[in-house]
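Fit chain H to the given chain F structure using the hints.
For the protein sequence lines, the chains are F and H, in the order given.
When we follow my numbering, the leftmost residue of the first sequence carries the number 1, and every step to the right adds one.
When we follow my numbering, the leftmost residue of the second sequence carries the number 1, and every step to the right adds one.
Calculated directly from the structure, the hints in this document are not laboratory data.
Mixed in with the good hints there might be a few duds.
If chains are identical, the list can't say which one is meant, so a pair holds when it fits in one copy or spans any two.
Okay, derived cross-link-like pairs now, DSS-like style, lysine-lysine, Cα gap no bigger than 27 Å in a straight line [as the list claims (entries may be wrong)]:
id, residue 1, residue 2
1, LYS403, LYS596
2, LYS307, LYS358
3, LYS286, LYS154
4, LYS285, LYS252
5, LYS623, LYS286
6, LYS623, LYS253
7, LYS358, LYS252
8, LYS373, LYS596
9, LYS525, LYS176
Since we're looking at a predicted model, the values are computed, not measured.
Number of protein chains: 2
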Amino acid sequence: MFSSPFASLWLAAVSLNNEFALKPTDDRTRAIAERVFASETKDDDVRDEISLFDVPDDCPILNQELAQHVTEDDDEEKRSVNKIMPFQTVLQVTMDDFELACKGLYRALTIREKYMRLAFQRFPDTPSQFLRKIEGEQWKPEDQVLPVFTSPPKSGEDPFCTKDFPPNLGYVARMKDGVIYVYKDAASADKHQPLNHPGPDLVTFIDDMNFLIALIAQGPTKTYTHRRLKFLMSKFNVHEMLNEMEEMKELKKNPHRDFYNCRKVDTHIHAAACMNQKHLLRFIKKSYRVDADRVVHVLKGKEMTMKELFASLNLHPYDLTVDSLDVHAGRQTFQRFDKFNAKYNPVGASELRDLYMKTENHISGEYFATIIKEVASDLEDARYQYAEPRLSIYGCNPNEWTKLASWFNKHRVFSPHLKWMIQVPRIYDIFRGRNFVPHFGKMLENIFLPIFQATIDPNSNPELSVFLKHVTAFDSVDDESKHSGHMFSTKSPKPEEWDIVKSPSYSYWIYYMYANIARLNQLRKERGMNTFQFRPHCGEAGAVTHLLACFMTADNISHGLNLKKSPVLQYLYYLAQVPIAMSPLSNNSLFLEYNKNPLLEFHKKGLMVSLSTDDPMQFHYTKEPLMEEYAIAAQVFKLSTCDMCEIARNSVLQSGLSAEEKIHFLGTNYLKDGPEGNDIRKTNLAQIRMAYRYETLCYELNLIREGVMAD
Amino acid sequence: MFSSPFASLWLAAVSLNNEFALKPTDDRTRAIAERVFASETKDDDVRDEISLFDVPDDCPILNQELAQHVTEDDDEEKRSVNKIMPFQTVLQVTMDDFELACKGLYRALTIREKYMRLAFQRFPDTPSQFLRKIEGEQWKPEDQVLPVFTSPPKSGEDPFCTKDFPPNLGYVARMKDGVIYVYKDAASADKHQPLNHPGPDLVTFIDDMNFLIALIAQGPTKTYTHRRLKFLMSKFNVHEMLNEMEEMKELKKNPHRDFYNCRKVDTHIHAAACMNQKHLLRFIKKSYRVDADRVVHVLKGKEMTMKELFASLNLHPYDLTVDSLDVHAGRQTFQRFDKFNAKYNPVGASELRDLYMKTENHISGEYFATIIKEVASDLEDARYQYAEPRLSIYGCNPNEWTKLASWFNKHRVFSPHLKWMIQVPRIYDIFRGRNFVPHFGKMLENIFLPIFQATIDPNSNPELSVFLKHVTAFDSVDDESKHSGHMFSTKSPKPEEWDIVKSPSYSYWIYYMYANIARLNQLRKERGMNTFQFRPHCGEAGAVTHLLACFMTADNISHGLNLKKSPVLQYLYYLAQVPIAMSPLSNNSLFLEYNKNPLLEFHKKGLMVSLSTDDPMQFHYTKEPLMEEYAIAAQVFKLSTCDMCEIARNSVLQSGLSAEEKIHFLGTNYLKDGPEGNDIRKTNLAQIRMAYRYETLCYELNLIREGVMAD
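So here's chain F without its partners, still in its complex pose:
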């Protein structure tokens, strides 16, 4: 009956939703999800042919699917959506499909809301209000759940102060099935009677995930979201034509503030590449002039001075140039993440990376600390720029945290212009291959147990407790284009059972990171400590299911390019206003040419995008990498000042800056949606723009409400 191999899959998804969008998924959905997942692990060419999640612009397959669906239910009256919503002539789907899509999208939003609340991450008020309306409930401002960030030290206060930590709770933290639980004491731990810190439930999570997988492959929802996104694009273009000059007029009338002095945060930057190539070169030369005779390295037990180290590499820093340093990405790195990673080694020598860009080496990471402090000092001079550098925790060893915290405290690597993040590279396969860890569970334990312990008894590791105060989020990093071949399901081995050399899938990684962060945040919130957001790299390459896993778990993501490939996910990211830190210059060197970057498209449609540099060392040329990023986007995409200020405001909202700082930079009501939340005197963002965004979002959410309530 169906020519397409996926028609039956689609049918199953449809019937699932017809039953009712809120019912837990059954075996049939699981089967669909598995097939979808399987198709994703095939290589790119094959996937391109199948195009499970995407809708071609002329939509022939989907029109067919839609027609089939209509045939299926042809005993029902064909009500056109147009009849009830005159504005919706663009919709052109039958009422059934419309209701179906809306129910699916509604459930998807409730899923995200649930996981955000569980982990003290952000879900904006506006969609929450619509969800409550659909449920016939009252939305209350006190339902708002927010992350907690450490306020900047008051004048005279020492950010490294180890006094005044709360006392030891005496709790016991122990891992079970890949997640750290907190127990009253060892006895409760032995009986696995954890304290009441709600966390995600694996079975429900997989269920939710399978539902979403089916949803993003579901014909009517794909068609509906595709058309809504097209509409959002055209609507913005009309807004621009009508209101561009009005927006500019607002900004011109706004005294004091312009794009240069509105705050912007570099929302995605790796500490090891946060200096530009010229800066690193200068630093290396200077260090040699000062420290040539200092012992900086130990090779096979033998101490080496810097002079000896450079001599062993046949180098003299005096001769070094940006070219021979060779840390900049070029044409050779395009589509070659492996070659790109090698660029982290100055002059191709890992010894120099160790010496200058590591926290742990013979000089206790002194140079790396100095370089970062120089970068911070440049940001302080620039006044309006902030950055969120990421430092690595590998999970190879439980004392990594102590060492990192000791580096942070020893060198006093603090600046009000920096907010710290922890990135966890997904390189289990390498560590397992070298027998550094017995199984994946051990890695998770190494990553999370020390923080639980420092949270229970801060004085047991004061340096770590200080450092954790300044950490705002976790990142998960690696080349997403590598396929693991594994599908995450309830049947997947538990982390402690995962002892093969192969890495688990992206979704598996993400779930266990999230589950631990969620429980950790419960504990920290209870103790009045700052919480951590989950802000993984996602959608830079690889399968679109990555974006699905993060829709469930991440406060915000870095990259998001692959939202291009799934209209359903793209629309969901829009509805939930999931922040996306985009780095078009990084993409341009690695995955996608600048002109083809979806930044402009996402921005026009109203997705919440910010601009970030990723790796100034590899990608940027000038002294102000973040300004370079903005300038190039402004030039190539012809952004208006209002566009740029909107993106800058998004970056502050997305960042780990504390509530005090956000109030200072964005205005008292920064948490409120719509024009009310915008203080143009601080943001230089036109109220017309804010009103447009708010009305448009409410309109889209209201459509969903109408679709769900139509029954």
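The following block gives chain H in isolation, referenced to the frame of chain F:
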């Protein structure tokens, strides 16, 4: 017989060349030229349909023309060029067409060579050597004609010193037919018996121009040059694939030097917009803090303090922002040169332009001088960057030069990092309309007579004589997309007869600028003074004949975008290595989107391109506009370090930096073509690249030699 309305035109052009490429043009050619010219003055849409100079990629019309041509001569044997040149399989033209094209190109090169030599402008050795070979003559190094630039002041030397000028020659300078002649005395002047300073002859010039007009519209030459350019493109792509890593290896081995510390010149920048918007804003605020009570303006005879001036504009500088300053180009300026020009007025107030960006005002241009000196100081700090700002002479009044020179001397606006140029706006129509000048000849006289006089008797105007030492070139500026409707021919009114309000054509302007500069340079060279180059804006918009006029007269040009439209001219600019200062960010805001800019294409084909900012105030965002320009080009076009260093070297070669400076920045043999002329230690440009460029140019020139000698 011919379907195309231009087929007969083309036929005439062909027969013209068949007679012999070196014969002076006859009436028939003139008729062709007039028709071509006439077609050019039609508006763009019409011209696009006709596409007189362009070759579509699939070339249907030209294949047809070619076929017709072949039919014309079908009694002749059809020798394929491929037979004699195995490498030339890409050529695919008949031998006759090949010879025809080569003869035309040969003559075109001799025309440029003649006019360059006449005005002490540059024509590179390599094409000269091939021309001499064709003529059976010996090329001698002493034939080289070069411009003379003032050396930088030695340590302790005062660049404003008015001593040691050569004595008065007592000559008389007087204008005749739009050109200044120098006479021994007034009596000789009355009899028009000028001293023997060779200059261009109008009739010959028009003859040469008509020949070139016919050539660029000639089918076989269009086809030939189109194919050669395609070949050059493919050849470079092959070179890149084969040698990219080798080039990089050379650069990595090159100690000390990288892109950051190789010299680059901003070869096209207007003094009035040489600061960025943020710099201007800061300066205005600072000036108000210091000078609020200073009288800075006179309105209807009444003196106004700065406070009063700003109050009269309803402004307070404290509230000013980059937005309200409103000097940046945006989406509104695209294709709107008129709107762009209005952006020169801060806050839309011409009073502020007068106060901050003019050399002549109530404070004697003090602020403008200070701003420029601040820009120069930034360049000095950056160490490796130079700029060639352009100041205006309008030709409205003969004392403009004296005033400008007085500003220059009074404020001591000198920096070793700046080389000065004079821009002459083509706004005769406005001045004539307001009755400021009686005819076009008067404008030319106002522009050139004072310099002739200061050259004859430097002590008569010591400040001007000092200033002229630091001036290196003339520019001709205005919106090229305005059509004058006038065609320049021997029948055109002489400048003194041109008394209508309409402006003469671009070519007419260019010829008279050139003719005066050529004669002036003869005189200055004789006196051991520095000479002036002609470096007009050309090919930013408007008719391709602009590029033809400048091929004949200009040492180098700014923009050159329209070379895209004429393969013949593009190939000629390549063969003669005419430098082109390109400003893709400026184009992006005015005429052509960044991705569509031909910079990369021209660079790959081997045209001699440099990068320049045009107007940092309007186009750039960062503190280092020239670096921003390079960075964006590098990112969007994925330029390699070698590409960027080649462009930087081109910019130094193209500039008015003195021979001493060029030797210092590029190496002793900088004037030599090919690898011999490149000192990688100074330029960081790979010898492989230089060898590739040199061999490729020689190969193309040799093809022409073979074509011409084939008879």
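Q: Indicate which option fits the pair LYS307, LYS358 if close means a Cα-Cα distance not exceeding 27 Å: within, between, both or neither.
A: within (19 Å within a copy, 56 Å between copies)
Q | Identical-chain pair category, LYS285 with LYS252, by Cα at 27 Å | A | between (46 Å within a copy, 16 Å between copies)
Q.
For LYS623 and LYS286, with the copy left unspecified, which applies at a CA distance of at most 27 Å: within, between, both, or neither?
A. Answer is both: 18 Å inside a copy and 25 Å across each meet the 27 Å cutoff.
(Q) At most 27 Å between alpha carbons: which applies to LYS358 and LYS252, within, between, both or neither? (A) between (46 Å within a copy, 25 Å between copies)
Q: Could you place LYS403 and LYS596 in one of the four classes (within, between, both, neither) given a Cα distance threshold of 27 Å?
A: Classified as neither: same-chain Cα gap 42 Å, cross-chain 52 Å, threshold 27 Å.
Q: Since the copies are identical, ignore which copy is meant and state whether LYS623 and LYS253 lie within 27 Å (CA to CA) inside a copy, between copies, both or neither.
A: between (31 Å within a copy, 25 Å between copies)
Q.
Checking an output row: LYS373 and LYS596, CA cutoff 27 Å. Within, between, both or neither?
A. neither (35 Å within a copy, 41 Å between copies)
Q.
For LYS525 and LYS176, with the copy left unspecified, which applies at a CA distance of at most 27 Å: within, between, both, or neither?
A. Classified as within; 22 Å inside a copy, 90 Å across copies.
**Q.** 27 Å Cα threshold - placement of LYS154 relative to LYS286
**A.** Classified as neither; 34 Å inside a copy, 32 Å across copies.
Consistency note: the structure conflicts with the earlier hints numbered 1, 3, 8.
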